[in-house]
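Enquirer: Assemble the whole structure, with the sequences as input and the hints as a guide.
Here are the chains, one letter per residue:
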Amino acid sequence: MSNRFEKISRFKDSSFKIFGMFCTFFGLAMLAIFISSIFSEGISRISWDFITSYPSRNPAKAGILSALAGTLWIIVITALAAIPIGIGAAIYLEEFSKKSRLGKIIEINITNLAGVPSIIYGLLGLEIFGRMMGMGGSILAGSFTLALLILPIIIVATREAIKAVPSSLREASYALGASKWQTVKSTVIPSASSGIITGIIIAISRAIGEAAPLIVVGALAYVPFVPTSPTSEFTVLPIQIFNWVSRPQAAFLVNASAGIIILLGITFLLNAAAVYLRIKRTVKY
Amino acid sequence: MLFLVMKKRDKEKLIELGLAACALLTILTTAGILYVLLFEAFQFFSEVSIVDFLTDTQWTPLFADKHFGILPLLTGTLLTSFIAIMVALPIGLTIALYLNEYTSPRFKNIIKPLLEILASVPTVVYGFFALTIVTPFLQTIFPSMSGFNSLSAGFVMGIMIIPYVSSLSDDAISAVPRYIREGSLALGATRFQTAFKVIIPSASSGIIVSAILAISRAIGETMIVAIAAGQQPKLTLDPFVPIETITTYIVQVSLGDVAHNSLEYRTIFAAGIALFVFTFMLNNASYYLNKKLEKKYV
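Chains as they are written, first to last, in the working numbering: chain A, 80 to 364; chain B, 7 to 304.
Hints are computed from structural coordinates only; laboratory data are not their basis. All C-beta atoms, glycine included, are put in the ideal place defined by N, C-alpha and C.
Some residues of chain B that are not near chain A, with every Cβ distance over 12 angstroms (derived):
| # | residue |
| --- | --- |
| 1 | F51 |
| 2 | L60 |
| 3 | K72 |
| 4 | H73 |
| 5 | R184 |
| 6 | Y185 |
| 7 | I186 |
| 8 | R187 |
| 9 | G189 |
| 10 | S208 |
Some but not every residue of chain B turned toward chain A, in silico, with C-beta under 10 angstroms:
| # | residue |
| --- | --- |
| 11 | A29 |
| 12 | L31 |
| 13 | E122 |
Expert: Set out below in structure tokens:
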């Protein structure tokens, strides 16, 4: 009797092990199926012409030039706005207001902001940047919106990196007569730099994939020109893909696949760089 | 110039102020979100009764016969999120249990970054998967299924949020002290019995946090549902027919030509505030649960 009971327990145990293995690879297997089907559909469409052509009503002639240029513009300005502010905020929270009431409130607030859906940031950008500040559906309005969106990611990552700096380094700097800011600037930030860069890369990769907030801010679906200034109207790669996916003709789905291959190439490259930096960093301390 | 001749102490004070301004920008962001949503929604509710908004079963602001009932959008949002969580919670939790109780730490360290890939894929890509791969596949099983439906959108969204559930559950499960686990194993329990009778109850609040955050993530997700779930606000729980979520509606209006300051324009803020209230409540619930959890094993 007890023997049979034990057998059932063992059976449950080993079945769960197999189920666990199955679950672990289920998502990845699905992704592999998805990506391989996209590759088989879209890879033949990728050519120099595809990258250097404007969108067109003729699917065979359409390309992603304006979308790629828009993505580049958006990412550069988003990074310029979000990186200094994010790092500055993290330094303040970690080094200057650690135990203060204001620090706590800001911390809870950042946790909350990280959970706000990206489309809500779009509504914020539409009203504040687009209408009140008169930027309309420009690259500037889109970039500032995305900058606010990725700010919590950069702040949280920078704080983690600063926390990991051993206090012995700080104390050595103070012992040499350095002031607080000198210590932060010359000791803490350089030691935390690889962690901060990892966070920035992940934040940028997130911004590259965003479509919803930019659609709400007023990015266009059809842009037959390369933006020439931050006040230009624009589109980005994810929106171009979305536009092609929503067309009924099958030929546009091929274009969407090709666009996705390029978008995934960029995001995977960035994420691989982040993972590499993270591994290198864990070895450090 | 002034900066150069300033005393060191004043300079330090100025830098601190600058850094504080960066941190305060996050407060301003929250204030901005609240202001924008409340201001536009207030104007919306001066024209549309809040009772109609909450109880009307039709959402047709862009038609001649206008109805402003949020319920169809809400059920659409909850339906896709529910399907997503039914996929992500069992799989994510199983992964967390498996990695902690059955495998070596080395294997876990390799698998975790791989799982993160699932969360790093842009959502517009997942939407494409749902529309062009999952739906046609499901249609071979359920021939009556529509080309736009909440089942495949929810399923793909579930795959996307697996790493959220698995990594947060993993944090909770790793936090269960060793002696509790060893005590169970020493009494002759199998790893399976330990996992379900000891680990899950001990880590329950952390697991609930992971589920809440995953739901909040699913509710706010936009591109997957905008591409694959359709644009027809319908009060239904049928996963095979096109529906519309709150987020999809906002995208739909943003893509069209709606005049600023019109009632149609304000509907996206009214829809936005409904979305914000939901995710805000979920995020705060998880935040306080998490704080409680941190105290538990100190």
